[in-house]
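Novice: So the chains spell out like this:
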Amino acid sequence: MYKKLLAILTVLAVMVLSLTGCGGQTASNNSPGESSSELVVAIPEGIEGTDIAQVNWSNIVHELIYDAPVIYDLEMKELLASSATSYEVSPDGKELTFTFPEDATFSNGEPLTAEAIKESMEWYVENSPYSGDYDPIQEVIVKDPQTLVFKLEKPTAYLWSVLTSTYNGPNDAKVAEELGKEAYHRNAIGNGLYYVDEWVQGSHITLLKNPNYKTSSSVVDNKGPAKIEKITVRFIPESFTRVSEIETGSVDIIYNVPPENLAKLENNADIELYKFLQSGIDYISINPKVEHLNDVKVRKAIALAINKAELGSILNNTVQLRYGLISPAQLCYDEATENKLEQEYGYNLDKAKALLAEAGYKDENGDGILEKDGKPLAISLMVALDSAYFKQVAPMIQAQLQQVGINLELKEYEANYIKQMMYDHKYEMATRGNVWPDPDILYYTLHTEGGLPWSSPETDALLDAARYIMDPVERTAKYSQMQEKVMAQAPIIPLFSEYKYIAARKTVEGLKVSIDGRAFVNDVEKK
Amino acid sequence: MSDMMEYTVRRLTMGVFVVLAVTALLFAIMQLMPGDPIELVASPRVSPEKIAELKRLWGLDQPTHVQYFYWLGHVLKGDFGNSITTGQKVGVLIGARLPYTLLLAGSSLLLQYIIAIPLGLWAAYKENSRFDKTVVVSSVVFWSIPTFWLGILLMLLFSIKLKLLPVSGFKGFASIILPIMTATLPSLASTLRLTRTEVLEVIKEKHVVTAYAKGLTDKKVLIFHVLRNALIPVTVMFFLSLPWLIGGSVIIESVFAWPGIGQLLWKSISSQDYPVVQGIIFIIAILTVLSNIVGDILTAYLDPRVRLEMKGEN
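Chains as they are written, first to last, in the numbering used here: chain H, 1 to 527; chain E, 1 to 314.
No false leads were slipped in.
Not close to chain H: a few residues of chain E, all C-beta gaps over 12 Å, as computed:
no. : residue
1   : M4
2   : A21
3   : V66
4   : V137
5   : V208
6   : N229
7   : M237
8   : L287
9   : L290
10  : G295
11  : D296
12  : T299
Now the stretches of chain H that chain E is said to cover, found in silico as 3 or more residues with beta-carbon under 8 Å:
no. : segment
13  : 49 to 57
14  : 181 to 192
15  : 195 to 202
16  : 413 to 420
Please keep in mind that the hints were generated in silico from the structure rather than gathered at the bench. Here the structure is a predicted model, which means the values were calculated and not measured. Virtual Cβ for every residue (Gly too), placed ideally from N, Cα, C.
Same shape as in the complex, but just chain H (with noise of 0.2 Å):
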């Protein structure tokens, strides 16, 4: 009996090893990584489709399959035309003219002409969540096959980080219409650099180079199809398999390199580190019409006891201290603003006990807690449980609130259970983030029409003004006006803009981050 339960594990362990020679073969010999003419792409989340105007978020693989007429460039100071071989803004700015190349082709061979993009726009339109994003163009012409004209109402800025965003990259409507809107998400038909080959859904996206491609972008030197005949972008949840991969080289790029790991990465001579700054900022919304944050003191005495250098710190600096409300990696960003808003709203605790003491708190039993008319001053902040830097961050906020006598209470939440309580008004304090090139995402957050609790007449008014505003002097100086009105009020404590990085081997050459992270792989090599 022995002998033979002997036997069956003994067979049992020729398999696994047998098994295990066939994974280091398959490992080393058919690794997707080792093609030079292949790119192997890590992301943590896989997409909804393909399609730009059904998807509710887009990513790297939406940017490889779409290209927009035109686009900002790296450093987001200047516009360039793309896929348009130009553009042309009319004296008056309600004008807008865009020029296509005469061979312009989508990736299946189909002539992109003016008139397909407007088809493409009226799919968008019928079907994208964002369909709004059109609203202000009151016509769309078509002034020959290569001419398209926009007509606006009145000159609206806002609307150029609609036109260069990768969801103003054209599809071909007449293959969408004819497959369905369900079909077509699964292989959608765009401009880009790549298109679609084969997606397994929470797996991967096969992209092949698109050979029709061309581009008039002086933000890359190779201005048709790509030298990488096709990248694979996989679909990997967890940070710590992500980074495994890029390490064993396995894959030669991997997206949201998370904070702990960025020293392993440094250190490694085979992988280099590509760093931008998060286009938006993370803060702390206030309902102001709940009991004690009704008081602007006492919202102002928190904004006033948060440490931001300390939250930096406990961060390993992996994110820029933000005290105004829009990042350099946004339009309109203006350092004196920052600068001047530090010195008014930046850490002091002795202003903001002042403050809570002007409010009428005092701690009236000696547990360190200030109390006003017998109730203590107790206060919960939401933190968005599936973002690190906020989980991280929310201790010690609470402990430094403690030092001015405020009980901070801390509840984990999902970010988008956090996002539904706070239009639906019912919470106190929590953590947010947001993401947009231009400062116009302010208007979601502090406009009336926005939906949360708090707003103002003034606000508004600067906020509506500063959309239609095209000198970007004057805009910069608009928005100025309204961070330091909004901050006044303290409705929203600015926290940090997160530094985003992204990895990739250093067999990877030509690769180009702009500085809101947009990557670049036009001129890409494998060597």
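Since the structure of chain H is already known, use the hints to place chain E on it.
Specialist: Chain E in isolation, oriented as in the chain H frame:
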């Protein structure tokens, strides 16, 4: 109609009600969650009018019971509806993921039984020996290790240090080894200990003593007289484990970027994608009911005492 047939029909009828109750309960629970899938997913750039339009489109503006019966009516026609977040057919989404989960969890379950039964039998036969103690202690150690951590440890050893196996994803046969090891090692303990306990009980029974008295060899007694009786609860447990094939591998699928249904379920719950969650739970509920019935029938087949109970002769 035979007793067994009558019993099966009765259980199947009850099963239909169980499945309906589970789906109705789940629908109610998901309705209790704050927010709805449209508002959860939509970015601030989506206008309130568009949100209202999308809610109308997906029928989310209807009362809960109307939504439920609408969903049920379509399910009875074989249509699970479309995912609210991706717009794709739920059947297609589940169909694309199911093979991967069945491959991972099915292989792991089989391997678990292939390893645990002989080890449990041998450990019981050699009760209190060094072998017995080693097997029991090591199985409990693996059982105590969190799956997430075990997966990472195995990945560190086999993929990063030894470079023998792929880190993650489905890239052929080799890529399944680490996920299977991660799924199998902790679950060995329950089957192993159950087998061992049952064997220890059966081995002391009179018919086993009789078998030895008849001069049968150890091998014959253990396999034909001890194991057959000891395996009854183990078999039942096998069938009860089957529903977890679908929903039980969320963590492993996440660690190893395995494109299975566990990840889909988790993501769909987070985004309150009712049609997908309902579709998956519907399948799990049916599988649970069927597994229970098959488990019961098999127990009756293996254990004459149960058959007698069914006939009311006990």
